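FYI, this note's numbering numbers position 69 of the sequence shown as 69, with every residue one higher than the one before it.
One or more of the hints may lead you astray.
[Said to hold, decoys possible] No more than 27 Å apart at the CA atoms, straight line, and that leaves these computed lysine-lysine pairs for BS3-like:
(1) K201 to K77
(2) K201 to K182
(3) K217 to K201
[As the list claims (entries may be wrong)] Using C-beta positions, here's what the derived DEER-type ranges look like:
(4) P279 to S348: 49 to 57 Å
(5) A43 to R372: 55 to 63 Å
(6) D357 to H300: 20 to 28 Å
(7) A215 to T60: 17 to 25 Å
(8) S413 to A295: 46 to 54 Å
(9) T296 to N64: 35 to 43 Å
(10) A175 to S320: 31 to 39 Å
(11) A187 to A377: 56 to 64 Å
(12) S370 to P111: 30 to 38 Å
(13) T190 to G131: 17 to 25 Å
I should point out that these hints are in silico values taken from the structure, not numbers from a laboratory.
Just so it is clear, the structure is predicted and the values come from calculations on it, not from any experiment.
Glycine is no exception: its CB is placed at the ideal position from the N, C-alpha and C atoms.
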Amino acid sequence: MTVSDNVIHASTRAAVPYGQGRARGLGADVLGVHGVEMDNLVALGLPVVPGLTVPIGSGTGLENRETASTAIDLLEKLAVRGIWPEVRTERRPMLMHLRCSAPVAVSALPPAISVIGLSSRNIDALVEVIGRERDIYDSWAANLRFVAEGALEIDTDDLDDLDDDHPDSRARVPALLELIEKSTGAAFPTDPAEQLGLAAKAMLARWASPRGQRARKALSLPGDLGIALHVRALRLGSWDESGYGSAISRDLESGKYAPHGVFHLGVRRADPNPGPGAPLTHTPGGVQILDQIFATLEPHLRAVAEVEFEVRDRQLALLSAGALEHPGPRAVTNLAVDLATGQSIGRSEAVRMLEPDLMQDLLHAQLTLSGREQLLAHGLPASPGAAIGEIALSSERALRLAAEGKNVILVASETSPADVPALLAATAVITSNGGLASHAAVVARGAGRPAVCGATTLRIDLG
Numbered sequence: 001m002t003v004s005d006n007v008i009h010a011s012t013r014a015a016v017p018y019g020q021g022r023a024r025g026l027g028a029d030v031l032g033v034h035g036v037e038m039d040n041l042v043a044l045g046l047p048v049v050p051g052l053t054v055p056i057g058s059g060t061g062l063e064n065r066e067t068a069s070t071a072i073d074l075l076e077k078l079a080v081r082g083i084w085p086e087v088r089t090e091r092r093p094m095l096m097h098l099r100c101s102a103p104v105a106v107s108a109l110p111p112a113i114s115v116i117g118l119s120s121r122n123i124d125a126l127v128e129v130i131g132r133e134r135d136i137y138d139s140w141a142a143n144l145r146f147v148a149e150g151a152l153e154i155d156t157d158d159l160d161d162l163d164d165d166h167p168d169s170r171a172r173v174p175a176l177l178e179l180i181e182k183s184t185g186a187a188f189p190t191d192p193a194e195q196l197g198l199a200a201k202a203m204l205a206r207w208a209s210p211r212g213q214r215a216r217k218a219l220s221l222p223g224d225l226g227i228a229l230h231v232r233a234l235r236l237g238s239w240d241e242s243g244y245g246s247a248i249s250r251d252l253e254s255g256k257y258a259p260h261g262v263f264h265l266g267v268r269r270a271d272p273n274p275g276p277g278a279p280l281t282h283t284p285g286g287v288q289i290l291d292q293i294f295a296t297l298e299p300h301l302r303a304v305a306e307v308e309f310e311v312r313d314r315q316l317a318l319l320s321a322g323a324l325e326h327p328g329p330r331a332v333t334n335l336a337v338d339l340a341t342g343q344s345i346g347r348s349e350a351v352r353m354l355e356p357d358l359m360q361d362l363l364h365a366q367l368t369l370s371g372r373e374q375l376l377a378h379g380l381p382a383s384p385g386a387a388i389g390e391i392a393l394s395s396e397r398a399l400r401l402a403a404e405g406k407n408v409i410l411v412a413s414e415t416s417p418a419d420v421p422a423l424l425a426a427t428a429v430i431t432s433n434g435g436l437a438s439h440a441a442v443v444a445r446g447a448g449r450p451a452v453c454g455a456t457t458l459r460i461d462l463g
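Let the hints inform the model, and build the full structure from the sequences given.
Listed below in structure tokens is the structure:
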């Protein structure tokens with residue numbers, strides 16, 4: 001989706017369509033990390049949902065109806081000129097999704113708000129297009145609750161009581177609308193612009209709340225850190241040909257290029273309990289488009305890629321994409337080789353991708369797990385590697401078994417200098433006490449032996 005500036009003009013301080021911030025030289029300090037992320041995806045020619053960013057410090061502008069209405073008109077033009085020929089009609093009303101991002105990656109952001117623009121005027125049309133009336137009402141009720149608490153300052157206890165009295169969202173929605181009108185003296189607006197303004201107010205209030213301040217303090221972030229608001233259009237589609245998925249570009253066990261993940265049919269990203277999902281092969285329209293996306297992302301990111309996406313009427317669009325954190329040594333090594341072989345990077349850059357700690361992990365033995373193994377205990381990763389052997393509960397037994405040519409795993413509450421010969425003879429060591437700087441951990445790392453220390457659930461009976 002690309003829209004030229006001579007077709008759509010948006011003030012930098014009001015709204016920036018996805019894909020236009022980069023051309024204006026705007027970074028995360030203005031657009032937030034998500035705005036920059038979406039700009040990069042558009043620049044790569046990848047399919048994204050039509051959306052726009054309200055820059056950091058400008059979010060309160062959406063509380064003005066005229067400003068919000070202008071943003072919605074802009075969003076409609078983006079959708080129509082993108083991949084959606086039919087939008088904001090009586091049959092397919094345009095609903096919106098609001099999320100936020102900070103100038104840096106933050107885990108304690110306010111939750112996203114979905115189905116903005118939904119009202120009694122268009123609910124029947126929406127149910128006809130999508131189906132699954134209960135799920136639509138669930139999203140509607142969550143939206144009303146968030147706005148009622150954050151923007152309209154309705155007492156939380158009253159909202160909790162209402163939730164308890166109306167477990168079915170189809171009854172909870174009219175009860176919420178009645179409570180809002182009773183508490184504020186005005187009906188909840190049906191106008192999408194007014195709804196967007198209230199949603200923005202609620203999100204900014206949550207970010208500025210004492211709860212938000214405490215979260216930022218815990219992360220050593222400034223208390224006055226701002227957020228950008230991101231508004232995207234919700235595409236409406238049949239439940240049987242729509243859904244949400246996530247995927248990564250490589251098999252982390254082997255490191256080979258093998259896109260895989262899960263797809264949740266008939267589910268939106270905001271659903272709290274989407275279930276286990278199905279393999280990507282169940283994605284309507286197939287997985288070929290994901291393969292093309294990953295083939296573009298990996299050379300750009302110089303990293304194993306992960307994406308979140310939605311499918312509506314068999315059309316896929318990215319919701320987010322980025323580098324996978326902690327992909328593992330095999331994945332990084334194979335990625336570097338593949339990028340160099342494909343001439344996306346030079347050999348020297350490929351070598352620089354392999355950090356010393358990464359190579360050290362590759363030099364140690366690793367287990368191939370099936371997922372059916374029984375976990376007996378867990379502790380601190382004191383020294384890397386893997387081992388299989390016979391358990392010895394004393395240094396004497398460890399030395400004796402090792403002398404017989406057997407692989408030995410020394411298990412003890414802790415070790416001392418007197419146990420060094422047994423530590424060197426063993427193939428691995430486990431201790432129930434101690435940490436990463438304990439005697440067993442230091443000796444094991446120096447000797448290149450795998451070690452798990454501080455496995456506090458272990459009870460060693462020397463009987």
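Going through the hints against the structure:
{"no.": "1", "hint": "K201 to K77", "in the structure": "holds, 24 Å"}
{"no.": "2", "hint": "K201 to K182", "in the structure": "holds, 20 Å"}
{"no.": "3", "hint": "K217 to K201", "in the structure": "holds, 22 Å"}
{"no.": "4", "hint": "P279 to S348: 49 to 57 Å", "in the structure": "violated, 38 Å"}
{"no.": "5", "hint": "A43 to R372: 55 to 63 Å", "in the structure": "violated, 44 Å"}
{"no.": "6", "hint": "D357 to H300: 20 to 28 Å", "in the structure": "holds, 25 Å"}
{"no.": "7", "hint": "A215 to T60: 17 to 25 Å", "in the structure": "holds, 21 Å"}
{"no.": "8", "hint": "S413 to A295: 46 to 54 Å", "in the structure": "holds, 52 Å"}
{"no.": "9", "hint": "T296 to N64: 35 to 43 Å", "in the structure": "holds, 39 Å"}
{"no.": "10", "hint": "A175 to S320: 31 to 39 Å", "in the structure": "holds, 34 Å"}
{"no.": "11", "hint": "A187 to A377: 56 to 64 Å", "in the structure": "holds, 59 Å"}
{"no.": "12", "hint": "S370 to P111: 30 to 38 Å", "in the structure": "holds, 37 Å"}
{"no.": "13", "hint": "T190 to G131: 17 to 25 Å", "in the structure": "holds, 23 Å"}
Hint check: violations occur at hints 4, 5; the rest are consistent with the structure.
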